[in-house]
Amino acid sequence: MKANFDFNRLSESRKQELNRMVADFSEAGCLFVEDLFLEFLIDADNGIDRSDDKLVATFDDECGHELVFILSQEEVHYVIHAISEKLDNIVCEGGTPFGEDENEEGIVSLSPVNTEEELDMLLAHVLGDDGGGADD
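So for the sequence shown, my numbering puts the first residue at 136; every next one is plus one.
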């Protein structure tokens, strides 16, 4: 049972404020908050309500940015949805996963494979296949 939440209960100004905080919050901070609230979201989807409109979560990232939201179902879901979108966009904006830019050593980015030919090239690269087919 997947829970549906009415984000219209949040005012437009509150949505804008939450969006601004998420946009400013670091990638590492976003990953931490998303991981921390994963169980909260799973419980909500299973009909278990752990929210409390009288509590507030406050997080500070390594850059000094603050992310503050009420622990209501609507705000938690809104913030985690915004964080997920931000993290998805960070991954999609990356280059190839093969580290062609030496300045980005150690950073892995993911790119979508759009055609069968691109998939074949990616698999050949990963598997070290020379394109000659299976070994007999």
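Warning: the hint list may mix true and false statements.
Okay, the calculated beta carbon distance ranges per label pair [what the hints assert, rightly or not]:
#: 1; residue 1: Ile183; residue 2: Leu254; range: 39 to 45 Å
#: 2; residue 1: Thr250; residue 2: Glu147; range: 38 to 44 Å
#: 3; residue 1: His200; residue 2: Lys150; range: 17 to 23 Å
#: 4; residue 1: Ser161; residue 2: Leu262; range: 33 to 39 Å
#: 5; residue 1: Leu257; residue 2: Arg149; range: 18 to 24 Å
#: 6; residue 1: Lys189; residue 2: Ile225; range: 30 to 36 Å
#: 7; residue 1: Thr250; residue 2: Glu152; range: 14 to 20 Å
#: 8; residue 1: Gly263; residue 2: Ser219; range: 41 to 47 Å
#: 9; residue 1: Leu171; residue 2: Glu253; range: 33 to 39 Å
#: 10; residue 1: Gly263; residue 2: Val203; range: 23 to 29 Å
#: 11; residue 1: Thr193; residue 2: Glu162; range: 17 to 23 Å
#: 12; residue 1: Leu254; residue 2: Asp178; range: 18 to 24 Å
#: 13; residue 1: Ser146; residue 2: Leu173; range: 41 to 47 Å
As a list, the in silico SDA-like pairs of lysine to any residue whose alpha-carbon atoms are at most 20 Å apart [what the hints assert, rightly or not]:
#: 14; residue 1: Lys189; residue 2: Phe172
#: 15; residue 1: Lys150; residue 2: Lys189
#: 16; residue 1: Lys150; residue 2: Val191
#: 17; residue 1: Lys221; residue 2: Asn181
#: 18; residue 1: Lys150; residue 2: Glu197
#: 19; residue 1: Lys189; residue 2: Leu166
#: 20; residue 1: Lys150; residue 2: Gly182
#: 21; residue 1: Lys150; residue 2: His260
#: 22; residue 1: Lys221; residue 2: Asp170
#: 23; residue 1: Lys189; residue 2: Gly199
#: 24; residue 1: Lys221; residue 2: Glu162
#: 25; residue 1: Lys189; residue 2: Ala163
#: 26; residue 1: Lys221; residue 2: Ala259
#: 27; residue 1: Lys189; residue 2: Ser146
#: 28; residue 1: Lys150; residue 2: Ile215
#: 29; residue 1: Lys150; residue 2: Val203
#: 30; residue 1: Lys221; residue 2: Gly263
#: 31; residue 1: Lys221; residue 2: Asn154
#: 32; residue 1: Lys221; residue 2: Leu166
#: 33; residue 1: Lys221; residue 2: Asp187
#: 34; residue 1: Lys221; residue 2: Asp196
#: 35; residue 1: Lys221; residue 2: His260
Bear in mind the hints are in silico, worked out from the structure with no lab data behind them. Glycine residues also receive a C-beta, built at the ideal position from the N, C-alpha and C atoms.
Hints and how they fare:
no.: 1; hint: Ile183 - Leu254: 39 to 45 Å; in the structure: holds, 40 Å
no.: 2; hint: Thr250 - Glu147: 38 to 44 Å; in the structure: holds, 41 Å
no.: 3; hint: His200 - Lys150: 17 to 23 Å; in the structure: holds, 18 Å
no.: 4; hint: Ser161 - Leu262: 33 to 39 Å; in the structure: holds, 35 Å
no.: 5; hint: Leu257 - Arg149: 18 to 24 Å; in the structure: violated, 43 Å
no.: 6; hint: Lys189 - Ile225: 30 to 36 Å; in the structure: holds, 33 Å
no.: 7; hint: Thr250 - Glu152: 14 to 20 Å; in the structure: violated, 42 Å
no.: 8; hint: Gly263 - Ser219: 41 to 47 Å; in the structure: violated, 34 Å
no.: 9; hint: Leu171 - Glu253: 33 to 39 Å; in the structure: holds, 36 Å
no.: 10; hint: Gly263 - Val203: 23 to 29 Å; in the structure: violated, 49 Å
no.: 11; hint: Thr193 - Glu162: 17 to 23 Å; in the structure: holds, 19 Å
no.: 12; hint: Leu254 - Asp178: 18 to 24 Å; in the structure: violated, 37 Å
no.: 13; hint: Ser146 - Leu173: 41 to 47 Å; in the structure: violated, 27 Å
no.: 14; hint: Lys189 - Phe172; in the structure: holds, 17 Å
no.: 15; hint: Lys150 - Lys189; in the structure: holds, 19 Å
no.: 16; hint: Lys150 - Val191; in the structure: holds, 16 Å
no.: 17; hint: Lys221 - Asn181; in the structure: violated, 25 Å
no.: 18; hint: Lys150 - Glu197; in the structure: violated, 24 Å
no.: 19; hint: Lys189 - Leu166; in the structure: violated, 25 Å
no.: 20; hint: Lys150 - Gly182; in the structure: violated, 24 Å
no.: 21; hint: Lys150 - His260; in the structure: violated, 44 Å
no.: 22; hint: Lys221 - Asp170; in the structure: holds, 14 Å
no.: 23; hint: Lys189 - Gly199; in the structure: violated, 25 Å
no.: 24; hint: Lys221 - Glu162; in the structure: holds, 8 Å
no.: 25; hint: Lys189 - Ala163; in the structure: violated, 27 Å
no.: 26; hint: Lys221 - Ala259; in the structure: violated, 31 Å
no.: 27; hint: Lys189 - Ser146; in the structure: holds, 18 Å
no.: 28; hint: Lys150 - Ile215; in the structure: holds, 12 Å
no.: 29; hint: Lys150 - Val203; in the structure: holds, 12 Å
no.: 30; hint: Lys221 - Gly263; in the structure: violated, 33 Å
no.: 31; hint: Lys221 - Asn154; in the structure: holds, 10 Å
no.: 32; hint: Lys221 - Leu166; in the structure: holds, 10 Å
no.: 33; hint: Lys221 - Asp187; in the structure: violated, 26 Å
no.: 34; hint: Lys221 - Asp196; in the structure: holds, 15 Å
no.: 35; hint: Lys221 - His260; in the structure: violated, 29 Å
The structure does not agree with the numbered hints 5, 7, 8, 10, 12, 13, 17, 18, 19, 20, 21, 23, 25, 26, 30, 33, 35 stated previously, though it agrees with the rest.
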